[in-house]
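Chemist: Residue numbers (this note's numbering), protein chains in the order written: chain E, 1 to 162; chain Y, 163 to 342.
Worth double-checking, as some hints may not be accurate.
What follows is a set of in silico ranges between Cβ atoms, one per label pair, in the way DEER data are often shown [as the list claims (entries may be wrong)]: (1) E:R66 x Y:G183: 49 to 55 Å; (2) Y:G225 x E:T58: 42 to 48 Å; (3) Y:V305 x E:P70: 48 to 54 Å; (4) Y:L284 x E:L95: 29 to 35 Å; (5) Y:S180 x E:L95: 24 to 30 Å; (6) Y:T195 x E:T2: 33 to 39 Å; (7) Y:L316 x E:L95: 22 to 28 Å; (8) E:Q4 x Y:G183: 28 to 34 Å; (9) E:T58 x Y:G193: 53 to 59 Å; (10) Y:I312 x E:R66: 47 to 53 Å; (11) Y:I312 x E:G102: 27 to 33 Å; (12) E:A136 x Y:G183: 26 to 32 Å.
Quick look at which bits of chain E chain Y covers, simulated, 3 or more residues with Cβ under 8 Å [said to hold, decoys possible]: (13) 4-16; (14) 42-48; (15) 52-59; (16) 63-76; (17) 140-153.
Hints listed in this document are in silico derivations from the structure and should not be mistaken for laboratory results. Using N, Cα and C, we set each Cβ at its ideal position, and we do this for glycine too.
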Amino acid sequence: MTIQATLSWLEATPLSLAIAESAWLFPTLEAIHVIGLTLVVGLIAVVDLRLLGVASLTWRAGDLNRTILPLTWSAFGLAALSGGLMFTGKPSSYLANPFFVGKLALLALAGLNMTLFHHFLSPRVEAVDGAVASSAVKTSAAASLVLWISIVALGRWIGFTI
Amino acid sequence: MSSASTPPFTAALSAFASWLGKTPLYDAVAGVTWVVPTVQTLHILAIAVVFASAALIDLRILGLVDASKPIEALLTRFLRPVGAAVAILAVTGLLLIASEPSRAIFRVVFWVKLALVLAVSLATWWLGFAARRRGLAATEGGVATLDLKIIAALSLITWLAIIVAGRWIGYAVAWDGAPQ
């Protein structure tokens, strides 16, 4: 099936039609999306600011990460699910929107940054408890902050251009 | 649309809205297309700071996250960002009202949201005050007493309601007698 055929099929599903036509479904999904994304961004910022040595210095970075990570994943699940459903309402329009495509690209970069951090940098953060993080760790944390702030901005721009 | 039957509150708000629409502030925020999405982005980022900070405090008081740190440590770390971000929310919120003076303030849900913000601000202040003042009495062995837990749970629910109300401002219709 081509992408176009898949999108046409998706747009004809009862779920897609319901989201596109219901007066309350889309605002409800948006509200859930805001709840999920503000928690994700706020919680990730707490960890990033700790790694940058800006705040939460009385916490061990590893402890803070372990406390916050499960909550962040739950919130991300909520944001991804509500976002996916919002997309389902008008898939062709979203895919044709440069801000939406840009947002997906930055989400992929944020995921890559996080994966690299956990594989290569996280063990070193555990080892240097209390000490100043390496420049690699700080670079990863700063990239994370910039990426998530940009993701929020692109998300808001989608609302004005879709 | 100011007729003799216009209620005083609506009339006062209408006067405020038409005054706001003639200020340089209105020209600054409504005249440029990228200003409103930018201010909204700042508003959402400030919500992220407030909500994540408040959630960590409330969940810690409820005993649902990392109990190895005392409640006081979380209050010391997260109460100040909440205050700073609430100030940013007030400023960006005011700018958003200025961009469309006849919109948000004529929706019931906007005033409900403001009332909830006031309530949760007082509750958060009380949590910080009570937990610090009473010390171990409020947090025996790192576990909060029931009154703190109830206020923390109510605060968390109120933050959720505030976010939902905020999103609903964009969809709600104006009350009768509001300017068109």
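Chemist: Which of the numbered hints above does this structure break?
Modeler: Of the numbered hints given earlier, those the structure breaks are 2, 3, 4, 5, 7, 8, 9, 10, 11, 12 and 13, listed in rising order.
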